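Undergrad: Chains as they are written, first to last, in the working numbering: chain R, 1 to 293; chain F, 1 to 315.
By construction, these hints were calculated from the structure, which means they are not laboratory data.
Computed from a predicted structure; not experimentally measured.
One or more of the hints may lead you astray.
Subject to a maximum C-alpha distance of 30 Å in a straight line, what follows is the list of computed BS3-like cross-link-like pairs (lysine-lysine) [what the hints assert, rightly or not]:
#1 K164(F) with K280(R)
#2 K191(F) with K104(F)
#3 K11(F) with K113(R)
#4 K106(F) with K280(R)
#5 K164(F) with K263(F)
#6 K106(F) with K164(F)
#7 K280(R) with K263(F)
#8 K113(R) with K280(R)
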Amino acid sequence: MSTRTHSGGNGDNGSGRRSSRAVLHWVGVHSLGVAAALFFVLPFVFLLLTSLMGDRQALTRDLWPHTWEWGNYAKVWHTPGFLTWWRNTLLYAGLGTLLTVVSSVPVAYALAKFRFRGRRLSLLLVIAMMMLPPQVVVIPMYLFWAKQLDLSGTLWPLIVPMAFGDAFSIFLLRQFLLTIPDEYLDAARVDGCGEVRTLLRVVLPMARPGIAAVALFQFFSAWNDYFGPQIYASDNPAAWTLSYGLESFKGAHHTNWNLTMAATVLVMAPVIVLFFFAQKAFVEGVTLTGVKG
Amino acid sequence: MPDVPRPLRSKQRRSALRTAAFMSPWLIGFSVFFVYPLLSTLYFSFTRYDGFRQPAFNGLDNWSYVFSDYPLFWPAMRNTLWLVLVMVTCRVAFGLGIGLLITKIKTATGVFRTLFYLPYLAPPVAATLAFVFLLNPGTGPVNTLLDAVGLPTPGWFTDADWSKPALTALALWGVGDLMVIFMAALLDVPKEQYEAAELDGAGAWARFRHITLPNISPIIMFAVVTGVIQAMQYYAQPLVAGKVAAGVIGGSGQQFEPGYPDKSTLTLPQLVYNLGFQRFDYGTACVVALVLFALSMAFTALLMRRRGGLIGAGE
Numbered sequence: 001m002s003t004r005t006h007s008g009g010n011g012d013n014g015s016g017r018r019s020s021r022a023v024l025h026w027v028g029v030h031s032l033g034v035a036a037a038l039f040f041v042l043p044f045v046f047l048l049l050t051s052l053m054g055d056r057q058a059l060t061r062d063l064w065p066h067t068w069e070w071g072n073y074a075k076v077w078h079t080p081g082f083l084t085w086w087r088n089t090l091l092y093a094g095l096g097t098l099l100t101v102v103s104s105v106p107v108a109y110a111l112a113k114f115r116f117r118g119r120r121l122s123l124l125l126v127i128a129m130m131m132l133p134p135q136v137v138v139i140p141m142y143l144f145w146a147k148q149l150d151l152s153g154t155l156w157p158l159i160v161p162m163a164f165g166d167a168f169s170i171f172l173l174r175q176f177l178l179t180i181p182d183e184y185l186d187a188a189r190v191d192g193c194g195e196v197r198t199l200l201r202v203v204l205p206m207a208r209p210g211i212a213a214v215a216l217f218q219f220f221s222a223w224n225d226y227f228g229p230q231i232y233a234s235d236n237p238a239a240w241t242l243s244y245g246l247e248s249f250k251g252a253h254h255t256n257w258n259l260t261m262a263a264t265v266l267v268m269a270p271v272i273v274l275f276f277f278a279q280k281a282f283v284e285g286v287t288l289t290g291v292k293g
Numbered sequence: 001m002p003d004v005p006r007p008l009r010s011k012q013r014r015s016a017l018r019t020a021a022f023m024s025p026w027l028i029g030f031s032v033f034f035v036y037p038l039l040s041t042l043y044f045s046f047t048r049y050d051g052f053r054q055p056a057f058n059g060l061d062n063w064s065y066v067f068s069d070y071p072l073f074w075p076a077m078r079n080t081l082w083l084v085l086v087m088v089t090c091r092v093a094f095g096l097g098i099g100l101l102i103t104k105i106k107t108a109t110g111v112f113r114t115l116f117y118l119p120y121l122a123p124p125v126a127a128t129l130a131f132v133f134l135l136n137p138g139t140g141p142v143n144t145l146l147d148a149v150g151l152p153t154p155g156w157f158t159d160a161d162w163s164k165p166a167l168t169a170l171a172l173w174g175v176g177d178l179m180v181i182f183m184a185a186l187l188d189v190p191k192e193q194y195e196a197a198e199l200d201g202a203g204a205w206a207r208f209r210h211i212t213l214p215n216i217s218p219i220i221m222f223a224v225v226t227g228v229i230q231a232m233q234y235y236a237q238p239l240v241a242g243k244v245a246a247g248v249i250g251g252s253g254q255q256f257e258p259g260y261p262d263k264s265t266l267t268l269p270q271l272v273y274n275l276g277f278q279r280f281d282y283g284t285a286c287v288v289a290l291v292l293f294a295l296s297m298a299f300t301a302l303l304m305r306r307r308g309g310l311i312g313a314g315e
């Protein structure tokens with residue numbers, strides 16, 4: 001939508017109408033923008049305001065705190081278990097992300113750059129696995145981890161599988177590696193690098209944005225996971241994660257919307273802070289999942 | 001192949017070994033976490049199995065129970081259909097609208113884009129809890145505001161007619177992923193086409209209808225199909241919303257009636273949990289798991305059949 005205004009347009013009737021229409025257009029678009037921004041931001045604002053209210057006021061229809069109870073956050077922080085949930089979540093998300101990246105990169109590299117029989121089939125199966133809801137295979141998996149390996153009540157049944165490649169990460173990395181021209185790899189091979197050295201020295205540095213996106217997605221999906229901890233850790237509060245513990249926090253403090261909202265803010269905050277540090281990688285990753293073609 | 005010279009064959013074998021080595025993490029993961037459990041699920045679905053006694057073959061009993069007697073199955077299917085028709089449609093339309101809007105905004109674009117995107121990042125359980133609070137019928141800010149301007153104040157998550165619209169509002173709040181995808185697609189539409197149409201005197205609607213839509217229709221298709229797959233797998237939000245609105249004390253207590261209020265938030269994955277982990281009827285849980293599998297794979301196949309779809313460049 002170009003809004004060209006001609007020089008000396010003031011005297012010219014047509015272009016005067018045109019620029020006033022451009023102004024109207026600008027105002028219209030930006031008022032819509034502000035309205036949309038309110039829709040996206042107000043929930044956060046109400047959340048923060050309620051998290052700072054006193055116990056009594058949080059039960060009323062007030063929108064604005066009478067007194068600012070910053071101590072609510074300290075109270076939530078010192079709730080028994082909360083720190084354990086943090087530690088568990090960091091372990092699950094951190095270690096899980098590391099294992100996923102290390103195990104998925106070689107697979108994605110082979111799918112993107114090697115020519116072999118069954119490559120297309122492998123790719124189709126990766127996509128099938130990516131679209132598989134965890135509930136489909138949960139019964140045998142639960143029996144395997146809980147009855148045969150006696151690991152229920154821990155997060156290991158969720159972390160260990162990540163050492164064997166994650167379908168979504170493989171797919172996303174493969175899409176990214178396709179964008180690296182083969183000439184770079186050929187040059188490395190001519191210089192006498194084996195495949196492993198080519199991957200480590202040439203491909204990895206170029207694939208850094210793709211790896212960053214995969215790591216972020218994986219970290220977030222572990223952070224957000226509810227079903228996994230519900231199946232494997234629900235019997236043992238010492239193994240709960242933040243996403244799982246948050247709901248029980250609400251259960252235990254069911255009349256304290258202020259504390260529940262403070263806990264909610266504390267679960268959201270790290271993800272949002274992380275986003276601000278890695279915004280570019282993240283948005284690039286989302287675009288990559290959707291289909292350039 | 002007898003006439004292939006020796007060095008070439010050994011080279012081929014080496015490259016096959018190399019491929020296998022690079023693929024090995026996934027080959028193991030695929031067998032242990034996909035093929036094996038999928039076959040077990042299929043086997044269990046024909047047995048009576050509670051996890052303690054050996055599975056006992058019982059033919060199609062579990063299957064007929066799910067389709068004709070299990071009281072939660074058809075409500076969950078109906079809810080899924082509702083989500084596919086209403087929630088997915090609203091989300092795609094809204095995502096496209098916000099994507100369009102962000103491409104038109106010329107001032108502080110970065111700020112707007114970040115604000116529009118942020119809610120998508122909110123962890124689902126946290127976002128759901130926030131919405132149960134925002135939409136709580138008595139003292140929630142939304143009903144307070146609706147009341148102030150004289151509009152009706154629905155029961156949202158506590159009213160069977162309003163719980164899915166409330167979940168839809170939550171899904172619209174987190175529309176950031178679609179916004180980014182649509183934004184990228186819209187910026188890819190060749191500028192010349194718009195300029196030519198403008199010269200021909202085409203209005204804004206005509207330009208949208210005849211240039212924008214045809215250009216981005218593969219992306220719309222992609223958004224719809226992935227939306228349908230997500231709708232069938234919708235789990236944490238409806239479950240947590242139902243439990244919290246019902247006042248279930250969360251945590252390790254596993255006994256709660258899923259789908260509050262009145263089965264209106266039931267989805268298929270919740271049935272697997274209900275049958276397997278609340279009723280310890282693993283055989284029947286596997287039947288629902290397979291229904292979920294069949295539906296997911298059918299739509300995934302649809303997604304992959306489209307050229308320029310998921311598989312994308314290089315194939």
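Undergrad: Hint by hint, say whether it matches the structure.
TA: Now for the hints, and whether the structure bears them out:
no., hint, verdict
1, K164(F) with K280(R), "34 Å, violated"
2, K191(F) with K104(F), "14 Å, holds"
3, K11(F) with K113(R), "17 Å, holds"
4, K106(F) with K280(R), "20 Å, holds"
5, K164(F) with K263(F), "11 Å, holds"
6, K106(F) with K164(F), "36 Å, violated"
7, K280(R) with K263(F), "41 Å, violated"
8, K113(R) with K280(R), "26 Å, holds"
Comparing the model with each earlier hint shows violations of hints 1, 6 and 7; every other hint is respected.
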